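Using the hints, put the two standalone chains together into the complex.
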Amino acid sequence: MSQLLQSLVDALSAGATLGLAALAIGLVFGVIRLANFATGEIITAGAYTLIFTWQLGWYISIPFAIIVAVLLSLLMELSVFSRMRAATPATLLIASFGLSFLLQRVYELAFTNNVQTAPVASELAQSISIGGVRIQMLSVATILLAALLLTGLQLFLTRTSLGLQLKAAAADFKTARLIGIPASRVIGLSFALSGILAAAVAFVTTVQTGAVGPTFGVPITILALVGAVIGGIDKISGALAGGFLVGFATSMLASWLPQDMSNFKDAYVFMLVIGVLLMRPQGLLIRGRGAVRT
Amino acid sequence: MRRRLMSITVAIGAASLILSGCVSSDSETATDETAAAETSEEAVVESAAESEAEATGEPLVLGIVQAGSGFMGPIDTPARNALLLEIEKVNAAGGVNGAPIAVEFIDTETKFERYASAAEEVIGKGANVLIVTCDYDVSAPAALVAEGKNILNIAPCIGDPIYGPAGGLNLGFSMGAGTPGESSIMAEFAIKKGWKTAVLLEDTSIKYTQNQCKIFNTRFTELGGTVTDTYQYVQGDSVKESVSKIAAGDEPDLIVNCGYNPGGGTVAKEIRDGGLDTPIISGFGMDGDFWVGAIPDLSDYYVVTYAAKNGDDSNPDVNAAAAEYEAAYGNAPDVGGFVTGATTLQVILEAYKQAGTWDGTTLAKTIETFKDVPTLAGPTSFSPDLHINVERPMAVLEVVDGKLKFIETVTAEKVVFP
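The listed protein sequences correspond, in order, to chains A and B. Last residue of the first sequence? That's 294 in the working numbering, and every number before it is there in order. Last residue of the second sequence? That's 712 in the working numbering, and every number before it is there in order.
Here chain B stands alone, though its shape is the one from the complex (with noise of 0.2 Å):
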């Protein structure tokens, strides 16, 4: 009997542990093609150039700890293949003060343990810049790591503005689109469309699910909305008994998933199987068209993201690079994210062009009084209060024919914080 117990508490106990895990998500830029024109290719060789004419500092040595496996895995990846991408670019133009970028790269494969050793190792190694996975929880050991030894740390494509000061990362920023620009812009369109009643699905499981509904709740109310009712869940769960709920109730203009995959497909999937032709509306955490075809004919689904991956952006410097990274790496980017990956090497550049140092301090300094720089993201500004942009303009997506076909960029007109 004794044997029996063990083996369940052992069992139950590395449940927990695996139900733990939870995620994150991200969120970002859409493009402004005024700036997106000035983002290109040109702006960044000539500021690898500008950088090699100096000549004089401390080669670059970008430290990236994210996660190639895992369930962080998918979100990391694009930008990180797109951030490569970047690298070699700059060191074909003649590198960084003379030098070649170097990139000392662990996978972490997700493993929240591994986090903080993994950033040991690779500042250890040299790098004076550290890159780290899209999602606070996650990634939080590492870049504390980094902030102890004064280095820049850089998540690409982070949606929640925890990951800053207010996470207490003054090193610490994220070049993805906040929340609170995303969840505006949703609950803007969703007015602008007529929908006047929403019912939320909010997974709880990150933060950056949570302030969407939060944020979204409120602009959407602001505008004249009505959140009828919100249905919380978890990562992983079945939504079946909400979708009963819904469908025994008076029918909303829209649902919001506020989720991210793989549990936000299911959650679309027992919405429309439970009957319901309601539109639906996302953010980044539902980029991407690898989880569409589980839903024959899904369509009225409307995503709010960085960028169109899929070559129909309006902006032609995202389409180029989408076509850049197929051409690299045999298939298009998962999600539209990938644009933060030469949006992280734009910032990480321009800021040591300003400051000549790699001091994270400095370089922090320098990012903090960023307005409107251009790059593949969208203008990238910064504050000392708010290490992420908030107030870019983002693509709205809709699903037609099993993929995700751009619409159009919006901007949002108010931005609204949780």
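Pulled out of the complex, with its shape left as it was, chain A reads as follows (with noise of 0.2 Å):
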């Protein structure tokens, strides 16, 4: 019983890590068809920001981290992705490649290739004990941070006239245009939002590692966007709910797989995404066929 508690206290807290990316990814899809890989590297900008400023205090090391991931992720929208518009998903997805590979060799020239390290918010590392079960406090902050961050995006895009205006063109951007939200406003929110969720992987992930390297968020956008397309990345919550179970499930196989096997866990795990994808190709929440847009 306390090791199905404890492997489900790990489980959740993973599936809300990759749910916060996946969801970091699917924003900016829902609006210019973009699968951003290079969300990748908007999450390594933000955790080498907390990596080189958290001895200034968490109280600036953390915002200086949003702004920093929120300034990248804008930046590349205006020099990069704002001058695309009329390029096929497909485009957009390879010039993000080659934007995630430019800013890696970037960072390796500003921070050499070896990792920089910084125990950051290690208070929050440490696990507890209760009832025999042992429970990290990160996975706990996960939890609640993503539960925070999700309520916030709720609210805002329920409850205000920008919001609404991102879900209006999340859900139909073309539709959206013509009745006259403004595109380049609604795009850029967007790109931002998308860094804030980076912003929050970031620190997510390295309180857990401490170490960031310059591919450092390479492996979790590359879940992250299976997680977005199997729960179906044309709507906000699809890409949550897809990325919060590739996380999830990677997770629990982790922990209950026999120990020979559970190197394979993620061969289980991308079993699933085909099953997925050859019994509901539009994703696990979205209805029907899924729009199809140009």
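By construction, these hints were calculated from the structure, which means they are not laboratory data. Bear in mind that the values here come from a model prediction, so they are computed numbers and not experimental data. It cannot be assumed that every hint is accurate.
[What the hints assert, rightly or not] Here chain B is said to cover these stretches of chain A; the calculated rule only asks that three of the stretch's residues, wherever they fall, bring their Cβ under 8 Å from a Cβ of chain B:
| # | stretch |
| --- | --- |
| 1 | 124–136 |
| 2 | 142–152 |
[Stated by the list, open to error] Label-pair ranges, simulated between beta-carbon atoms:
| # | chain 1 | residue 1 | chain 2 | residue 2 | range |
| --- | --- | --- | --- | --- | --- |
| 3 | A | Leu8 | B | Lys490 | 27 to 35 Å |
| 4 | A | Gly98 | B | Lys708 | 40 to 48 Å |
| 5 | B | Asp571 | A | Gly131 | 17 to 25 Å |
C-beta: ideal position from N, C-alpha, C; glycine also.
Here it is as structure tokens:
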């Protein structure tokens, strides 16, 4: 029983982290059909900022990391993606790969290819034992952070004019533009929110690892992208749910697969992904065949 | 929909490519004081001077096909930088055959597809010896090009014996200390400390770490220890769930982290964050201080590696070389494997001195006869079957106050092969 509880906490935490990362991707995809692979480099930028500024105090480091992530996200939009409005989603994706590799080299030049380390929020990384269940404070904090961000995002999307514009644009960008929703503002907003979510992911993962290298954000972005696709990247909630599902499933498999099979957990997860794509190529949470957009 | 699926396919395809980037590791050296005393600069300069005296053969052109960036960058760079320093010394003493040693370097950025063409390129520019990246999987394409052209090829710090005849490389040698010796020392050190039970955390992404755990298991069991569990992971994975399982069971005396950085550092952090204060031991893959800062107050962590890089090695020549390195590059070497840089050139020059030719086959046959040749990395021996050292003494380091501190130099009582 205690092992079940423990694995549930671990899995909820892993799911929450990937859910946030998938949401960061899904928000932008919903508006301009860009599955931004360079989200990983936004996460990396936030993580480097935390590492280099943590000694100044969390109240400086965390806001600074958010600012850096948002600015980098907006910079990507202004310098690259805004010039590719007529491009197909596949072309945009390739462009984001290019941007991702470019930024990895920039990080390498700036910070070397060795990891940079700092004990970021090391208190959160400690574990406590409750009734025989070992709970890492970070797991609890991750779940709470995700809940807080999702509640805030939900309120923003449903209670504010800007949020409603974004939601409308994410649902049908062409129609939203026809009814007068300013495209550039909504696009910029989606990138900014994506940056904030990326900063949150950067915080969680940096506390967990304490070490950041040039490709730090890549693995989580790959899994988040996969999660967003199986959940239904067309829909914000779909991306979130898909990301959560992949993180949750990966962690549960790591906990419960026999030891000699645990190394194949990713294979099982990707089998699940293939199965979902075969049965529901539009994503788990998208009804019908999904909207076809240009 | 098709466009979206195309995007998905491309994304997953690219992700697979990125995820498939496995890495290497190495291992290495330690120092035998007696041998090392003979090693030093005088020996190198003397060797160079003798070669110069002959002054009849072709000059040495070293083709270096290594990573300056990418995941092998941190492993290749210290040994390469040290090699370049050693070349400067030899050149200052007159070079080889009356000419300075020339270097043709291509930074492969750890891109697998670049190695073969880079090897062709440097050999085309006259390289008569090829230096490759410290991982067999990565450097094999370059090594095979050299083999095809009858050129001696050397990896300064590969740790797995596969770099050599076992991997189809008759002209390929590693100056590293192989996993058989390294992991046997790890097991013997554990027993000496009184640790009787161990849990293994094995990174399966490369052969080096797989064999590291396998050899440790064999030797540890031979000595009366018991490996209670083995958990596998892949570089970059979180091992939180495995740590939870370890914490839920009987705490072992020791955890063996068969990993390399940066993933190995994350594993170490997750072990401590998970509330486990168990002693941990690793090999050369976890050498270096750069990852330790992520884990406040880390202690009871031991690393068996080539040498201590922070100036506290038992061999004064190693300490002097580390100081020279820092003076030249502005920072201490990242890992103790830097000593293999000097060793690489020392072995090449000694082989040339004996063979009198740059012909790859002749040089290889000569190197295969080496028995305890003194080099900075320690006494260096090879055989026709084994193109890597497995019996060198190695340094045991412990993390103290955020730095790796030298404890002792140890030679394996018995070397076990995987």
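Right, here's what the structure says about each hint:
no., hint, in the structure
1, 124–136, "holds (count 6)"
2, 142–152, "violated (count 0)"
3, Leu8(A) with Lys490(B): 27 to 35 Å, "34 Å, holds"
4, Gly98(A) with Lys708(B): 40 to 48 Å, "53 Å, violated"
5, Asp571(B) with Gly131(A): 17 to 25 Å, "21 Å, holds"
Hint check: violations occur at hints 2, 4; the rest are consistent with the structure.
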